[in-house]
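A.B. asks: What follows is the residue order along each chain.
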Amino acid sequence: MSFGHWFLTLGGMVLMLGGLLVTVAFMVYAERRVLALFQDRLGPNRAGPLGLLQPLADALKLLTKESFAPPFVDRMVYELAPVIVPLTVLMSFAVVPLSDAWWLADLNVALLYVLALSSLGVYGIILGGWSSNSKYPLLGGLRAAAQMISYELPMGLALVGVVMLAGSFSLVDIVNAQDVPFIVLQPVGFLVFMVCGVAEVNRLPFDLPEAENELASGYNTEYGGMRFALFYLGEYMGVLLIASLVTVLFLGGWRGPWLPDVVWFALKTFSVVFLFYWLRTSVPRLRYDQLMDFGWKIMLPAALVNIVITAVVGIAWM
Amino acid sequence: MYKLIFYLTAVIAIGAAGAILIVRHPVHAALYLIASLLALALLFFLLGAPLVAALQVILYAGAIMVLFLFVMMVMDLRPASNERLALPKGWRVPTLLVAALAVELAVVVFQAPLSGDEIWVSVGPKAVGQSLFGTYLIAVEVAAILLLAALVAVLYLSRRSRP
Numbered sequence: 001m002s003f004g005h006w007f008l009t010l011g012g013m014v015l016m017l018g019g020l021l022v023t024v025a026f027m028v029y030a031e032r033r034v035l036a037l038f039q040d041r042l043g044p045n046r047a048g049p050l051g052l053l054q055p056l057a058d059a060l061k062l063l064t065k066e067s068f069a070p071p072f073v074d075r076m077v078y079e080l081a082p083v084i085v086p087l088t089v090l091m092s093f094a095v096v097p098l099s100d101a102w103w104l105a106d107l108n109v110a111l112l113y114v115l116a117l118s119s120l121g122v123y124g125i126i127l128g129g130w131s132s133n134s135k136y137p138l139l140g141g142l143r144a145a146a147q148m149i150s151y152e153l154p155m156g157l158a159l160v161g162v163v164m165l166a167g168s169f170s171l172v173d174i175v176n177a178q179d180v181p182f183i184v185l186q187p188v189g190f191l192v193f194m195v196c197g198v199a200e201v202n203r204l205p206f207d208l209p210e211a212e213n214e215l216a217s218g219y220n221t222e223y224g225g226m227r228f229a230l231f232y233l234g235e236y237m238g239v240l241l242i243a244s245l246v247t248v249l250f251l252g253g254w255r256g257p258w259l260p261d262v263v264w265f266a267l268k269t270f271s272v273v274f275l276f277y278w279l280r281t282s283v284p285r286l287r288y289d290q291l292m293d294f295g296w297k298i299m300l301p302a303a304l305v306n307i308v309i310t311a312v313v314g315i316a317w318m
Numbered sequence: 001m002y003k004l005i006f007y008l009t010a011v012i013a014i015g016a017a018g019a020i021l022i023v024r025h026p027v028h029a030a031l032y033l034i035a036s037l038l039a040l041a042l043l044f045f046l047l048g049a050p051l052v053a054a055l056q057v058i059l060y061a062g063a064i065m066v067l068f069l070f071v072m073m074v075m076d077l078r079p080a081s082n083e084r085l086a087l088p089k090g091w092r093v094p095t096l097l098v099a100a101l102a103v104e105l106a107v108v109v110f111q112a113p114l115s116g117d118e119i120w121v122s123v124g125p126k127a128v129g130q131s132l133f134g135t136y137l138i139a140v141e142v143a144a145i146l147l148l149a150a151l152v153a154v155l156y157l158s159r160r161s162r163p
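Chains A and B, in that order, give the protein sequences. Counting from 1, one number per residue, gives the positions in the first sequence under the working numbering. Counting from 1, one number per residue, gives the positions in the second sequence under the working numbering.
Some clues are possibly wrong.
What the hints assert, rightly or not - Here are some of the chain B residues that sit facing chain A, going by a computed Cβ distance under 8 angstroms:
#, residue
1, P50
2, A63
3, V66
4, F70
5, P125
6, A127
Unchecked claim - What the simulated footprint calls covered on chain B by chain A, stretch by stretch (three residues with Cβ under 8 angstroms from a Cβ of chain A suffice, anywhere in the stretch; the number is not a length):
#, segment
7, 22-35
8, 51-60
Don't read these hints as lab results, they were simulated from the structure. Please read these numbers as outputs of a predicted model, since none were measured by experiment. Heads up, the beta-carbon is just placed ideally off N, CA and C, and yes, glycines get one too.
Modelling step: build the complete structure from the supplied sequences, incorporating the hints.
C.D. replies: Here it is as structure tokens:
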């Protein structure tokens, strides 16, 4: 590879990282304002015009806090865990195509790569819970382990339909194959993926690993300052990742009339992000046994039936 | 460049595998095992098998090791103990087997030295699928039946005993 190529790749990575951090910071702000509107409040509106400097203030506050670790924790794992969550999500973004020309890597196993990284992201939460050596975090970690394994399976299976239609694991190829957005051809796959996506990033109604009112705040109870912020950052980047995956896999990615590619991508992605906020305000948390029943008895069979129907219809069509 | 990445990954894989033997806490050992498995996945990728690499991460590092950790979290809540590492008798036979493997490996490597410059072909997921469901169809079906049998056995063993 030439010097120019390296320069472009590195520059792209830096741009992507910076862009993601800023986007995520404003996603937190947007969520607080949107939640407030849903609840007939105003939300943070004091720092800067419309409260737009709130993310900056939050970041400064978290960065300047003392980085304190309780004496009873397992030091090595305690420090490793908060890094894993945002790291795996950030690595996944490498294969997400923002437009026809804007992507960092086009792997021929891109979809599997994303699934692999999301299954590694679980470690951050499990290890965070375990290394805290304290009962609520441990319970949160155990719940996270069970929940994420249960929902990863239907999530992967829901994508098989998409892969069959597109004939490729590459996200760029999948978008190029969507003359009709796959949400029309794969409504069940879309629903299953969306629900499992919400469960994978531990958002309401699936936020049992955190569950404030029963587990303090679950796996991150013993964390503070920037370490806590890393978990938080990882969660919001996870929301953004799931939203952009839904966009790429089911909503036709960057494709759309009149507007530039990137604008379409952003519009679709943030509509899905808005759906996450909306869910959070409207749906109560599931009970643990309901969560497991729902995952194994409804989501998994639905995904499997979806695969069979897609295959049969596909063969009949050809 | 590829050579550098290869050697770096190989060192990590072997180093992490060695660390499993040394560290005292089982959860730390599991973490080193995960690191070793991930390094192995990267090696698969470098050898031109992206599908195997992805499956290695999803299945071994992502699913099986999570279950391992899950069980350890339920069973073992003590902080790292300071007991001295004792060599139990059960180590002898495995050590012999590993030594035999090492000798075999050395013989193979020295008889046909790998230059590392061979041109390898990257085998995409489609090609793997076609050969699995073409040439090796019977093997795949047999494995599937085995898994089905395991599933039925688990259902039988975990059923609620009715009074």
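A.B. asks: The structure should be examined with respect to each hint, and the outcome stated for every one.
C.D. replies: To see whether the hints hold, each was checked on the structure:
1. P50: P50 (chain B) check passes; min Cβ-Cβ to chain A is 4 angstroms, inside 8 angstroms.
2. A63: 7 angstroms, holds
3. V66: V66 (chain B) check passes; min Cβ-Cβ to chain A is 6 angstroms, inside 8 angstroms.
4. F70: Given a least distance of 5 angstroms, the restraint on F70 (chain B) holds.
5. P125: OK, holds: P125 (chain B) within 8 angstroms of chain A, min 6 angstroms.
6. A127: Violated. Min distance 10 angstroms.
7. 22-35: holds (count 5)
8. 51-60: holds (count 6)
Consistency with the previously given hints fails for number 6 only.
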